[in-house]
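Chain A is already provided as a structure; the job is to place chain B with the ligands on it using the hints.
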Amino acid sequence: MKYQRDPKRIRDALGKKVQFLLGDMACVYGGMLAGCSFFAGYPITPASEVAEGAARLFPRIGATYIQMEDEIGSIAALIGAAWGGAKSMTATSGPGFSLMMENYGYAVMTETPCVIVNVQRTGPSTGQPTLGAQGDMMQCRWGTHGDIEALALAPSTVQECLDFTIEAFNLSEKYRNPACVMTDGEVGHLRERIIIPEEQDLEIIDRVPAIIDKKKFIPFMNSQTIKNCKIPDFPTFGTGYHTYVTGLTHNEKGFPATDKQPDHERLVKRITEKITNDASKLVMVEKLNLDDADIAFVTYGATARPAESAMEIGRKNRYKVGVLRLKLVWPFPEKEIVKLAKQVDKIIVPEMNLGQIVHPVREYAGGNCEVISAPKIGGEMHHPAEIYKYLEGK
Amino acid sequence: MEQITTADELNKKYLRDGMWPTIFCNGCGHGVVLEYTLWALEELGWDMDKTVFASGIGCSSRLPGYINADGLHTTHGRAIAFATGIKAADPDLNIIIFTGDGDCAGIGGNHFIHAARRNIDMTVIMINNFIYGMTGGQLAPTAPLGSIATTAPYGNIENPFDICNLACALGANYVARWCVTHPYQPIKSIKEGLQKKGFSLLEFLAPCPTAYGRRNKLGDIKKHWEWYDNNTILIEDYKKIMQYGTEEEKKELKHKFQIGVFQDLQKPGFFELYGNLVNRLQIKENEPKEGKK
Ligand SMILES: Cc1ncc(C[n+]2csc(CCOP(=O)(O)OP(=O)(O)O)c2C)c(N)n1
Ligand code: SF4
Ligand SMILES: [Mg+2]
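Top line first, the protein sequences correspond to chains A and B. Plus 20 on top of the position in the first sequence (first one is 1) and you've got this note's numbering. Plus 1282 on top of the position in the second sequence (first one is 1) and you've got this note's numbering.
If you are wondering where the hints come from, they were derived from the structure by calculation, not from laboratory data. No experiment lies behind these values; they were computed from the predicted model shown.
Straight-line distance between alpha carbons at most 16 Å, and here's what the computed EDC-like set of lysine to aspartate or glutamate pairs gives:
no. : chain 1 : residue 1 : chain 2 : residue 2
1   : B       : 1566      : A       : 32
2   : A       : 28        : B       : 1567
3   : B       : 1549      : B       : 1474
4   : A       : 235       : B       : 1299
5   : A       : 235       : B       : 1331
6   : A       : 234       : B       : 1331
7   : A       : 273       : B       : 1299
Pulled a few chain A residues facing chain B out of the computed Cβ check, cut under 8 Å:
no. : residue
8   : 106
9   : 122
10  : 266
Facing chain A, according to a computed beta carbon distance under 7 Å, are these residues of chain B, among others:
no. : residue
11  : 1332
12  : 1334
13  : 1350
14  : 1351
15  : 1355
16  : 1365
17  : 1371
18  : 1372
19  : 1393
20  : 1396
21  : 1560
Cβ coordinates follow ideal geometry from the N, Cα and C atoms, glycine included.
In isolation and in its complexed conformation, chain A is listed as follows:
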């Protein structure tokens, strides 16, 4: 039988409304609340608790958990499940995320919704398995071959692990593109108080199903039910639309069209423009003390926590410093950075890598202010004092 989201069954499985919960586990909760019915994964520190949580809870709500033979198979199964009509998710960390890159691009090319939780650890290679990092932020944007747009959220708290997993499903379903929850070993292994949102407070978006006459349906072009929408309607397998889905460059009917330049350009532009055309709606930032600021920390994920502490210390020492926290990192909030760079003298970008998100910040700051990278690697978070010292120009 096909899975039906049953709010009562989900809440019975989740238990109490207020809990003291692990970040990784909160991703499982978020997935279940969003209506996810398929989890495929492969164990990897520091993401294994997500798979373990799904293995325990998914069968209790009638959803499927399967441990695959590797991460290539995991994301493959997610995409298959999506075409079978399910919302699907996996969780992994650096080495597994690297293995997923080919099929991540396949999901983009075939416009398949699915959610990848990446509990980032240090790299390259096996790195420090138990320690957090933010080193995959660019990989999620550029790691697969070819031109894509990425959807990626970066939670800073356990509550956000839950909320952003739901949001990732919503974005993924809406745009028919994979979405990543780019958390990290610090937040993933953190325990904090969370509140499970009430059913009536949840916003849950589902892909728009194909409903029109089967003879008139065209699977890979603008929606045939919503006007001026570049996102095609979804012809779930088994509903009689006889859709051919391929990662080859294809025409609107879905058939391979691999030898002409315009066919490829038309397809890939529509796929990327689904997201870029909505850029103004796709902004999720938090602003703290920016109104009078002449210095700003631009930050995301775990690093936002010490950055906010550094801001508080800075304010006490009369620095006019604020924080712009990126909740949705990709697509990048270009306009926010353009505006900020015109206001402040200096932007400081602390990250748990040797400088990744600092690059688009610098690009959109466009020389209007100084942009300084505040990197830290090695599996330790920044101490607030380490970030604070950038205010003093050290």
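Positioned in the frame of chain A, the structure of chain B with the ligands alone reads:
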């Protein structure tokens, strides 16, 4: 619906318009495997709205594109893993995978192993032409010893992969090898494989005149196809000769491929077992809890 008796009628019913001509070369065996599969589906009377085809990358993996049904043309080697998700999401769908020797036994070997071991409910049709056809004739893991390939210009020195043997060892419910030059038994066998719960594998030996036959001096297309008749033997005949034959006869068998059904089991498939697990948990939850009356 009228009874279908000719290949034309069969094609008209099951194939997509607008996908002709196919990408296949003259003398390629892939189209024959497609025809056999369609005959099997026709005889079973399966609903094509509920039958999904998946494939990886390769000439053989292009077959789903020609069939008027849902099809997922995935990445090289990964079709089985993709299809595991399809089946999980909608257990009412029948899953058929077309794959090649490179796709399935080469890059996709690990997915194959674990799907067979888990007895995932799907039918895998692997077309073994001893070569990477699509990419122009590089060495395949199934290539017989001594085979010439662009990447084995001095002859293959690697042990060839017996995928049926592997599937049997993993406990797959149904395992058979056939050859495109024999029509009737394979169609019956595809039917058996399709109806099986759990994992079924049908390996088809098929010629690739373009990338294998030419290089390995198997002659023109006709001669190449005859090679298959001369180099295969039914499992039952093989056993008889090994038991009662002369040394001479036994020696002749050494290089022949056995064809027929290697394994036919009735174990429950993965999704039946998973469904039982879900039911077990639900019954537990609905039991009255201690002390709560
Ligand atoms: C990851 C990856 N590696 C390599 C390739 C190139 N490639 C395409 S088809 C193929 C071999 C296909 O061989 P087989 O499965 O035997 O199919 P055939 O063409 O012989 O039917 C290869 C190596 C690819 N598409 N993807
Ligand atoms: S290259 Fe070989 S496998 Fe590919 S279509 Fe031609 S004959 Fe068939
Ligand atoms: Mg081959």
